[in-house]
Amino acid sequence: MPIYKKDFNESEKARSSLIGFVFFLISVIALYVPDPSQDHVASLLRGTVLRPFVLVQEGLVRRSIHARDTEVLQGRLDSLEAVITNRNTLSEENGRLRRLLELSEKNPDQYVAASVIRSGSPGSASMFGVDVGTRDGVERDSPVIMGRGLLGVVRESQATNATAMDWTHPQFWASAMTADGSIYGFVQATPGRFREADRLLLDGIPFHQELERGVVVVTSGLGGVYPRGIQIGVVIEESGAQEGWVRSYWLRPFVSPGEATQVLVLVPRGEQPADTASLSGGGAAVQGRVQATGAISLGASDAESRTPR
Amino acid sequence: MKSPLRVWGVVGVLVLLHFGLHLSLGLGESAPDLLVVALLIAAREGNVGRGAGLGFLLGLLDDAFSVLAFGANTFAMTVVGMGGSRTRDLFVGDSLFFLASYLFLGKWMRDLLHWVAAGEGLRESFGDTMLIQAPISAVYAGLVGLVLIAISGLGWETVR
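Note that the protein sequences, when read in sequence, are chains A and B. The first sequence maps to residues 93 to 401 in our numbering. The second sequence maps to residues 108 to 267 in our numbering.
Next comes chain A alone, as it looks inside the complex (with noise of 0.2 Å):
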């Protein structure tokens, strides 16, 4: 036996089935209804019971398009950070250069245009790297300065690039003497607890000579290493180590490694390089390397070999 009972009795039945009728006849009618009552028809339902899938799609297909404009414009402002970044190291690199300019025309030896290279790697502190070589003019112990005076000195010279060490070396130091020429001495590294702490020292001055605190200190030009008047710093205060008859000064420096990105490399005389564009006066345009040329002597003789220590 079937499990299926009859659930209406005849009445209901023929009432359901009329229901149905009508429905039936509504929607042959809404098949034929005009269109702008049609059109009425829907839009009142799409704003009230489908409403609120209506906003649920709207909310979703704008947040559809600000994540895609959010990736649009994200990509424009990293674009414009890149330009900035890039605006702000030219601007850097400009202000170097035309400080490194004005001090060629003040030294006015043959020097090249460096960018400095840092590996970071253990053990490199006070070294650093320049991208000019043999090829430049560069040479051993080629004087590298930076803005307003002495970074440090080539060791050794390749092709393309040259290895220096800055003023922090343990085995830097130079021929010095104050800014009027009248006290000699030479200036060396002194290391200190941490890097930030090494300082200059301005040993071997006689001790009958006294140094007032802001005296200036340039390269004297003795041992031929360094070009004479270089700025390397200025006096800070008398050291209390003193050995014999000479007296000792610290120094403050005028240039900080860690700021050198773009240095000056001295060349000697005669070297010219073959890549290097000619550099005239201020407001110059600056092509491919710098060179700075002059024909103002340093005033004194820089012939005499460098002093061991």
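There are no misleading hints in this set.
Here chain B is said to cover these stretches of chain A; the calculated rule only asks that three of the stretch's residues, wherever they fall, bring their Cβ under 8 Å from a Cβ of chain B: (1) 101–111; (2) 115–124; (3) 142–155.
Calculated lysine to aspartate or glutamate pairs in the DMTMM-like style (CA-CA distance at most 25 Å, straight line): (4) 105(A) / 201(B); (5) 105(A) / 196(B); (6) 105(A) / 152(B).
Restraint-style ranges between C-beta atoms, simulated for each label pair: (7) 228(B) / 110(A): 29 to 35 Å; (8) 113(A) / 111(B): 20 to 26 Å; (9) 167(A) / 204(B): 55 to 61 Å; (10) 132(B) / 182(A): 45 to 51 Å; (11) 117(A) / 112(B): 28 to 34 Å; (12) 127(A) / 233(B): 23 to 29 Å; (13) 162(A) / 111(B): 45 to 51 Å; (14) 125(A) / 134(B): 26 to 32 Å; (15) 204(B) / 136(A): 38 to 44 Å; (16) 157(A) / 197(B): 49 to 55 Å; (17) 120(A) / 240(B): 21 to 27 Å; (18) 127(A) / 240(B): 23 to 29 Å; (19) 117(A) / 228(B): 21 to 27 Å.
Calculated directly from the structure, the hints in this document are not laboratory data. This structure is a prediction, so every number in the text was calculated from the model and none was measured. Note that beta-carbon positions come from the ideal geometry of N, C-alpha and C, so glycine has one too.
Following the hints, complete the assembly by docking chain B onto the known chain A.
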């Protein structure tokens, strides 16, 4: 245990799910036609009048976004609702095969009625629509409907 409350609850959820998938998420044809599944389930629980009324309402909602063929869904769903209710008198069974066939044929019939009511200017060829697209759509809706019925706890007793 199947109860009228549970049946109508499942039908309501299916209706919400249908519009959520088709309208809110904009899945379109990727989502199954849960509206006809809901109608077919509900139609077996009531008489012809209820089936027709529910089909009419659901079809009208479906037509709210049908600009050019307004009324076609209403007509199709009304007829399917009436037919689903009439199966109470014509077919008896609660087997998986019967339910699958019921859902498949109900969906296919709905598409056929819509194709007829949509008019010549809007419908595609009968072969493409009714012999390729509609069977696939019907199988999809039938499978999803069976799974939903099983998950919802209605079981095969939905068909009394």
